[in-house]
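Colleague: Guided by the hints, dock chain U onto chain Y, whose structure is given.
Order-wise, the sequence lines are chains Y and U.
Numbering (this note's numbering) for the first sequence: 1 to 374.
Numbering (this note's numbering) for the second sequence: 1 to 291.
Honestly, I wouldn't trust all of these hints.
[What the hints assert, rightly or not] Chain U regions said to be covered by chain Y (calculated; three or more residues, Cβ under 8 angstroms):
{"id": "1", "stretch": "41-53"}
{"id": "2", "stretch": "78-88"}
[Unchecked claim] Derived Cβ-Cβ restraints for the label pairs, each shown as a range:
{"id": "3", "chain 1": "Y", "residue 1": "H316", "chain 2": "U", "residue 2": "I57", "range": "38 to 46 angstroms"}
{"id": "4", "chain 1": "U", "residue 1": "R259", "chain 2": "Y", "residue 2": "T58", "range": "35 to 43 angstroms"}
{"id": "5", "chain 1": "Y", "residue 1": "G234", "chain 2": "U", "residue 2": "L134", "range": "50 to 58 angstroms"}
{"id": "6", "chain 1": "U", "residue 1": "G109", "chain 2": "Y", "residue 2": "L317", "range": "15 to 23 angstroms"}
{"id": "7", "chain 1": "Y", "residue 1": "F52", "chain 2": "U", "residue 2": "L134", "range": "32 to 40 angstroms"}
{"id": "8", "chain 1": "Y", "residue 1": "D321", "chain 2": "U", "residue 2": "L275", "range": "35 to 43 angstroms"}
{"id": "9", "chain 1": "Y", "residue 1": "V181", "chain 2": "U", "residue 2": "G109", "range": "25 to 33 angstroms"}
{"id": "10", "chain 1": "U", "residue 1": "P80", "chain 2": "Y", "residue 2": "T101", "range": "54 to 62 angstroms"}
{"id": "11", "chain 1": "Y", "residue 1": "P112", "chain 2": "U", "residue 2": "R111", "range": "33 to 41 angstroms"}
{"id": "12", "chain 1": "U", "residue 1": "L275", "chain 2": "Y", "residue 2": "T101", "range": "46 to 54 angstroms"}
{"id": "13", "chain 1": "Y", "residue 1": "A36", "chain 2": "U", "residue 2": "L281", "range": "50 to 58 angstroms"}
{"id": "14", "chain 1": "U", "residue 1": "P80", "chain 2": "Y", "residue 2": "P112", "range": "46 to 54 angstroms"}
These are computed hints drawn from the structure, not numbers from a lab.
Where is the CB? At the ideal position from N, CA and C, for every residue including glycine.
Here is what each chain is made of, one letter per residue.
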Amino acid sequence: MLPTEGATAVRAGAATEGGILRRSAATVAPLAVGLAALAAGSVALAAVSSGFNNFVLTTLINLTIVVGLYVFIGTSGVLSFGHISFMAIGAYTAALTTIPTGQKQFILPNLPRFIAHAELTTTESLLLAGVAAALAAVVVGVPLMRLNGIAAAIATLAALVIVNVVASQWASLTGGATALVGVPVTTTAHSVLLWACAAVAVAWAFQRSRVGLRLRASREDLIAARGAGIGIVGERLFAFVLSGFIVGVAGAIYGHYLGAFSPDQFYFHLTFFTLAMLVVGGISSLSGAVVGTLAISTVQEILGRLENGEGVGPIHLNLRDGVTDAVLAIIVLVIMIVRPAGITGGRELSLPRPRRVPRVIAPSRPAASEREDA
Amino acid sequence: MTQHVVDALSAGSLDALLALGIALVFGVMHLVNFAHGELIMVGSYVILSFAGLPWPITVLLAVFSVAGTALLMERVAFRPVRHASPTTMLVTSFAVSILLQSLAVIVAGRRPKGTSFGAGLSRPVVIAGTRVALVDIVSIAVAAVLVGLLVLFLKRTWTGVAMRGAAEDFTMARLLGVDANLVIAAAFIMSGVLAAAAAVLLVAQTGTVSPTMGLQPVLIGFVATVIGGIGTLAGAAVGGFVLGVVTVVLQEALPLSTRGYRDAFVFGFVILVLLVRPGGLFGSRALEERV
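The shape of chain U in the complex, shown without the other chains:
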């Protein structure tokens, strides 16, 4: 039982990090960022390249390079289409995603690469009489610390308050003197930091890096954001945990022959949530049509 709880919490923590990264950008810009997965991919390649250094330096390098990439994509690709239609923004983020993927193919090749980074985390530890993988405990701790820092930032700093205001009503926030560029840049930097953290955990869990590795995490992130409520940060975090629990429960509950279909059930659940509550379980008012 402890094993399942740790599994669910660990999966939920990672999913929550992914969902928060996507929700932060969505909140201030109403952009569904497909390229968030490629931020994770970039972080993973940085980890792969500097795996030989002491791990805190490797992690710091990953954080800075991913935050930098996020900032760069905002400046180059997303700022010019900020006022365009949702379709244009979606296709733009799709294009950024494909561009980063193909750059990775050009630089590092199509084939997945292995790394021993974080191999030490795979050893089991005994908690309350059950053996659990250390990496699961680390995932939960990292997510808890990052979510705590994020909450502090959003509640206690001026930029954080401005971001929350902008997510609620961008025009009003600007009228009150909030700098749009600053708020959006801050959202991208933080989503980059979360992506880097996700990259560290993913690489430590799987040990492999590939150009298309961002797809699965970004889909999970979308799903979690949508379940929780597009446009609310707390909703995204809760949605991440709900998704983690649903995934682990399905993994255990499905008979072996249908276990391969797990993701089909997860995505079916998403469609169901959208049909019953198009704004998500904890949907914000910001997205409702106003006449």
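Next comes chain Y alone, as it looks inside the complex:
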């Protein structure tokens, strides 16, 4: 968390009355360059081999999820353990509306008629998944957005458990705790790339929007922000629903990538690793979300291959089951201890400039300087 960010956010908010449309080319440039690099890298890597294509796919899906998490957690500073349940809702919505009708009658004979006869295209199902997740976010968010800190973390955790229990028990709708099969595998590297870029662009626009700036100010100092007339609950709800939409779409993409999945795939394991990506990169900047996702996904891929005995280049180790998770957990621990604000330290990456900017070193306790700024 960078102390000056909130104050800058407030000042920027005052200076840019025109909203997000009146951006000078200079502020859009890092986003455009970043997205172009991401796109070029993904397309090039995906073309190398089917293994690399898979790696690009999973990384881009992770990126969409983590950017979705960032829209709420990063901008508001409120930790949510519940977002992966929006993925579950998205994945099941997409699956139930795209599995061919004949097959659906066979797998889930007791579906309500309007679901049993639905057969959407992939794009339609992704959008519907986003809408379903966003609606769920409204239902969860309206009561929960008042909560802060640990109460918010535990309440969203409870939401994660509830969705998991319901998805595992409501067998006539979801197929229960066993895997739902027959989901059309339609996710391609290029389609995910589009969605991931869209998610990054939306998150970027959101954090610079009026609501986003207000929310970031409340993240830096809740009481000062309240004092400045920010309602907070409304802003948080907006971010929660927007991030629910993005994560829901990501869930649908993931479902169309897997082809078969069960409720437990959207539970604590995925929650931990997506949160780890966000926190390792730097929870309070969009660049952090992207950097963290790329870093952790790459390590995960390398270790996963070694664990499966596939080998990475000339290296062949037969790692035991569990080593990947252990190493990743150690990496997260080390980052938390050495750099609690993440790799980017909560700053946005910017293009190199000719003028030398004095480096601000984030103090270990931001509270004092933060108060001065606000």
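Modeller: Just chain U, lined up with the frame of chain Y:
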């Protein structure tokens, strides 16, 4: 009826042990320790490995190894992030939890393992004309003894008083000469002892051990702590019993078709409590924002 009362008391006792273990650490450090479940898991694997020895030795080994693990995780992982943001601390404890789980997978494999430890406890005894499982009586007794010892420790020993002071106002306690490291280490050791006790009871009840077995107990512990009031020990103990009673009542009251949803109702109850009283039913002042 006696059967239901014993069920509720037994479930409540175990839940109270879980909640107290989490609340002890939370009180002095404001850390929500996800890895508490993995302490139980470690204890269970120790029991599994030494189930052949006479049971008091097995239990002692479990207690020492779990307390040691708790102390180690405090020293290695949590001490460096003591002053970091709540998010950093939560993610750190999440990481410790995943690390211990995957170490268990590496050492013992992913599959659950069975043990006959405590099998003798599953035989029924007759109390007031009703047959109840001996393990339920043992659970209630163990919880009662441990809670009694904990109360004595907190009220009568210097370290215990220092811990209560630190839970109320850490800075003030330090100004009065309380050693922060000592108090936090003591909290972790005691939460480890409680986790070991929970492990013994869980293994005796279920007879199985697996790397992910810590998840359900830690969730129960969170829920109980939150219901009772995050940051108060008495609240955590009461919250544990409330949760035990709620669980047993739901188990009996729900129609068979919706019984599978029991945990959804329990966690819905948690959200409700948090909304009405964000500090829990018996919430402490220590967590309220101060301006």
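Colleague: Does 32 to 40 angstroms hold as the CB distance between Y/F52 and U/L134, or does it fail?
Modeller: 59 angstroms, violated
Colleague: Tell me whether the statement that chain Y covers the stretch 41-53 of chain U is true, taking a Cβ distance below 8 angstroms and needing three residues at minimum.
Modeller: violated (count 0)
Colleague: Given a hinted range of 46 to 54 angstroms, is it respected by the beta-carbon distance of U/P80 and Y/P112?
Modeller: Holds: the Cβ-Cβ distance is about 53 angstroms, inside 46 to 54 angstroms.
Colleague: Do U/R259 and Y/T58 keep their Cβ atoms within the hinted range of 35 to 43 angstroms?
Modeller: About 37 angstroms separates the Cβ atoms of U/R259 and Y/T58, which means 35 to 43 angstroms holds.
Colleague: Between the stretch 78-88 of chain U and chain Y, see if three or more residues pass the 8 angstroms beta-carbon test, and mark the coverage as holds or violated.
Modeller: The restraint on the stretch 78-88 of chain U holds, since 8 of its residues have a Cβ under 8 angstroms from chain Y and three suffice.
Colleague: Okay, Y/P112 versus U/R111 on CB: inside 33 to 41 angstroms?
Modeller: Holds, since Y/P112 and U/R111 (Cβ atoms, about 38 angstroms apart) stay within the stated range.
Colleague: Kindly confirm whether 25 to 33 angstroms is satisfied by the beta carbon distance between Y/V181 and U/G109.
Modeller: 27 angstroms, holds
Colleague: Evaluate the given range 46 to 54 angstroms for the C-beta pair formed by U/L275 and Y/T101.
Modeller: Because 41 angstroms falls outside the window, the suggested range is violated.
Colleague: In this structure, is the beta-carbon distance linking Y/G234 and U/L134 contained in 50 to 58 angstroms?
Modeller: 56 angstroms, holds
Colleague: Is 54 to 62 angstroms a correct range for the gap between the Cβ atoms of U/P80 and Y/T101?
Modeller: Check passed, 56 angstroms falls within 54 to 62 angstroms.
Colleague: Is it true that the C-beta distance of Y/H316 to U/I57 lies inside 38 to 46 angstroms, as the hint says?
Modeller: Holds, at about 44 angstroms.
Colleague: Can you let me know if the beta-carbon spacing of U/G109 and Y/L317 is within 15 to 23 angstroms?
Modeller: 19 angstroms, holds
Figure legend: structure checked against the earlier numbered hints; hints not met, in rising order: 1, 7, 12.
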